[in-house]
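*Asks:* Residues per chain, in single letters:
There are 2 protein chains.
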Amino acid sequence: RLSKNFKHHYSNTILPLGDDCASYSASSSKNQLVSTDALVENIHFKLSTISAEQLGKKSIAVNISDIVAMGGTPTRILITLGISKKISSSFLDQLYKGIHKTCELYDIELFGGDTVSSPNCFFINVTIIGETKSGKLFTRKGAKKGDLIFTTGTLGDSSLGLNIQSGKKWKCSAKSKKYLLKKHLTPIPRLKESQLLVRSTCKINSMIDISDGLVQDLHHICKQSGT
Amino acid sequence: RLSKNFKHHYSNTILPLGDDCASYSASSSKNQLVSTDALVENIHFKLSTISAEQLGKKSIAVNISDIVAMGGTPTRILITLGISKKISSSFLDQLYKGIHKTCELYDIELFGGDTVSSPNCFFINVTIIGETKSGKLFTRKGAKKGDLIFTTGTLGDSSLGLNIQSGKKWKCSAKSKKYLLKKHLTPIPRLKESQLLVRSTCKINSMIDISDGLVQDLHHICKQSGT
Numbered sequence: 035r036l037s038k039n040f041k042h043h044y045s046n047t048i049l050p051l052g053d054d055c056a057s058y059s060a061s062s063s064k065n066q067l068v069s070t071d072a073l074v075e076n077i078h079f080k081l082s083t084i085s086a087e088q089l090g091k092k093s094i095a096v097n098i099s100d101i102v103a104m105g106g107t108p109t110r111i112l113i114t115l116g117i118s119k120k121i122s123s124s125f126l127d128q129l130y131k132g133i134h135k136t137c138e139l140y141d142i143e144l145f146g147g148d149t150v151s152s153p154n155c156f157f158i159n160v161t162i163i164g165e166t167k168s169g170k171l172f173t174r175k176g177a178k179k180g181d182l183i184f185t186t187g188t189l190g191d192s193s194l195g196l197n198i199q200s201g202k203k204w205k206c207s208a209k210s211k212k213y214l215l216k217k218h219l220t221p222i223p224r225l226k227e228s229q230l231l232v233r234s235t236c237k238i239n240s241m242i243d244i245s246d247g248l249v250q251d252l253h254h255i256c257k258q259s260g261t
Numbered sequence: 035r036l037s038k039n040f041k042h043h044y045s046n047t048i049l050p051l052g053d054d055c056a057s058y059s060a061s062s063s064k065n066q067l068v069s070t071d072a073l074v075e076n077i078h079f080k081l082s083t084i085s086a087e088q089l090g091k092k093s094i095a096v097n098i099s100d101i102v103a104m105g106g107t108p109t110r111i112l113i114t115l116g117i118s119k120k121i122s123s124s125f126l127d128q129l130y131k132g133i134h135k136t137c138e139l140y141d142i143e144l145f146g147g148d149t150v151s152s153p154n155c156f157f158i159n160v161t162i163i164g165e166t167k168s169g170k171l172f173t174r175k176g177a178k179k180g181d182l183i184f185t186t187g188t189l190g191d192s193s194l195g196l197n198i199q200s201g202k203k204w205k206c207s208a209k210s211k212k213y214l215l216k217k218h219l220t221p222i223p224r225l226k227e228s229q230l231l232v233r234s235t236c237k238i239n240s241m242i243d244i245s246d247g248l249v250q251d252l253h254h255i256c257k258q259s260g261t
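Just so you know, the sequences run in chain order D and W. Per the numbering used here, residue 35 is the first one in the first sequence, and the count goes up by one each step. Per the numbering used here, residue 35 is the first one in the second sequence, and the count goes up by one each step.
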């Protein structure tokens, strides 16, 4: 609603805001992708249930997911930290340890940021930049009637992990609980799978990062594709 | 300190983090610039002393300043809003009115964002993207002994405006007070001046966005230039 008055688009804009990322062409062979996501204490996480290192990893992973959901490769990140009084320097060291590990794993360059005070709650905002080859951008728009639907991973794990973390009763072994919690706390972006699809001869019409759940996110694809 | 372990740089990185912006080359003729800045309620502004529209304008203006400080032209922004309970929808409308006006004035495309809840304080994080022609990037590094120093605008106005806003006594006319307050609340990024310098035949070695004050920011140039 708030963005409805913004009608200015550059001629090299490939995809305006409204998908997992927006994209523009900076050369004839490559598209640039950008996306931004914030995690706020007591809204998206509680410091009592996630470690600083896990939070660092997760904050980058959810942003990587937005890039790979469009067939892109993540390249650079900018990090804003809103630091409240109770945050210790060892917490920040551990947070950056997690960020660093994830960046190393996915070949991402730390490219900027801002560190500010925040009166009450800690927050972290990550802007991620990535790229795709021209013509290899998979959006929410392209789906056609009759398309087959594929998913990666085992859907629902993270949601169950959240339930377990919130103390909701769920009958399963301690081992399963640990597994589901890990799926919630340290999600794995599907870079390998995405790059395999980009290189494959499969005719892919549309892709999306599932975060709300299969049904809701499939609805996003259907709505934006007009199917 | 926190970023010291991050040593991965892509070969097309022109300028890593540490200046007003970081920069990478996405084509042979142009460099991409990126920067991010956050404004947090009760740290950077008080809702009792700045209007929503002014805040919207200022949040974009301070980011534009980072781009033009390097000789760049701003092109796109991504906005994250952390919305606390007391923020009304009319406040958001006014905020976006200010953002929209500034974007129109400087030809900037709204290119993405995230809207999240924030338990106590409102915050706004802006990531800005811009570009320069290759070879036309002015950093904090290039200064040489004997360089002449030029500034734009009248230094100290914004600082005096902040003093007046904070209720500190300052003998001046009501008209001057209004003028100084405006300089503090709605800063003007120096796009025209920057583009004039880029196109000129002046030999420019270094540029910086003054925010801490002339002496402190000149110190940044000296330190990074080794002069």
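Hints were generated in silico from the structure; no laboratory data involved. Any given hint could turn out to be false.
[Claimed, not checked] Part of the chain W face toward chain D, derived, beta carbon under 10 angstroms:
(1) Ser37
(2) Ser61
(3) Thr70
(4) Lys120
(5) Ser123
(6) Leu129
(7) Asn159
(8) Lys167
(9) Gly169
(10) Lys178
(11) Asp181
(12) Pro221
(13) Glu227
[What the hints assert, rightly or not] So the derived label-pair ranges between C-beta atoms look like this:
(14) D:His253 / W:Tyr44: 53 to 61 angstroms
(15) W:Lys216 / D:Glu227: 37 to 45 angstroms
(16) W:Ser234 / D:Leu182: 26 to 34 angstroms
(17) D:Lys64 / W:Ser82: 41 to 49 angstroms
(18) W:Asp141 / D:Arg233: 56 to 64 angstroms
(19) D:Lys237 / W:Lys175: 45 to 53 angstroms
(20) W:Gln229 / D:Lys167: 42 to 50 angstroms
(21) D:His43 / W:Thr186: 26 to 34 angstroms
(22) D:Ser200 / W:Ala208: 41 to 49 angstroms
(23) W:His42 / D:Lys203: 41 to 49 angstroms
(24) W:Lys170 / D:Ser210: 56 to 64 angstroms
(25) W:Lys170 / D:Asn76: 28 to 36 angstroms
Ideal Cβ positions, reconstructed from N, Cα and C, are used throughout, including at glycine.
*Asks:* Confirm or reject each hint.
*Replies:* Evaluated hints:
no.: 1; hint: Ser37; result: 6 angstroms, holds
no.: 2; hint: Ser61; result: 4 angstroms, holds
no.: 3; hint: Thr70; result: 4 angstroms, holds
no.: 4; hint: Lys120; result: 13 angstroms, violated
no.: 5; hint: Ser123; result: 9 angstroms, holds
no.: 6; hint: Leu129; result: 8 angstroms, holds
no.: 7; hint: Asn159; result: 5 angstroms, holds
no.: 8; hint: Lys167; result: 13 angstroms, violated
no.: 9; hint: Gly169; result: 17 angstroms, violated
no.: 10; hint: Lys178; result: 26 angstroms, violated
no.: 11; hint: Asp181; result: 26 angstroms, violated
no.: 12; hint: Pro221; result: 17 angstroms, violated
no.: 13; hint: Glu227; result: 23 angstroms, violated
no.: 14; hint: D:His253 / W:Tyr44: 53 to 61 angstroms; result: 37 angstroms, violated
no.: 15; hint: W:Lys216 / D:Glu227: 37 to 45 angstroms; result: 53 angstroms, violated
no.: 16; hint: W:Ser234 / D:Leu182: 26 to 34 angstroms; result: 59 angstroms, violated
no.: 17; hint: D:Lys64 / W:Ser82: 41 to 49 angstroms; result: 47 angstroms, holds
no.: 18; hint: W:Asp141 / D:Arg233: 56 to 64 angstroms; result: 37 angstroms, violated
no.: 19; hint: D:Lys237 / W:Lys175: 45 to 53 angstroms; result: 49 angstroms, holds
no.: 20; hint: W:Gln229 / D:Lys167: 42 to 50 angstroms; result: 33 angstroms, violated
no.: 21; hint: D:His43 / W:Thr186: 26 to 34 angstroms; result: 30 angstroms, holds
no.: 22; hint: D:Ser200 / W:Ala208: 41 to 49 angstroms; result: 57 angstroms, violated
no.: 23; hint: W:His42 / D:Lys203: 41 to 49 angstroms; result: 44 angstroms, holds
no.: 24; hint: W:Lys170 / D:Ser210: 56 to 64 angstroms; result: 58 angstroms, holds
no.: 25; hint: W:Lys170 / D:Asn76: 28 to 36 angstroms; result: 45 angstroms, violated
Checked against the numbered hints above, the structure breaks hints 4, 8, 9, 10, 11, 12, 13, 14, 15, 16, 18, 20, 22 and 25 and satisfies the rest.
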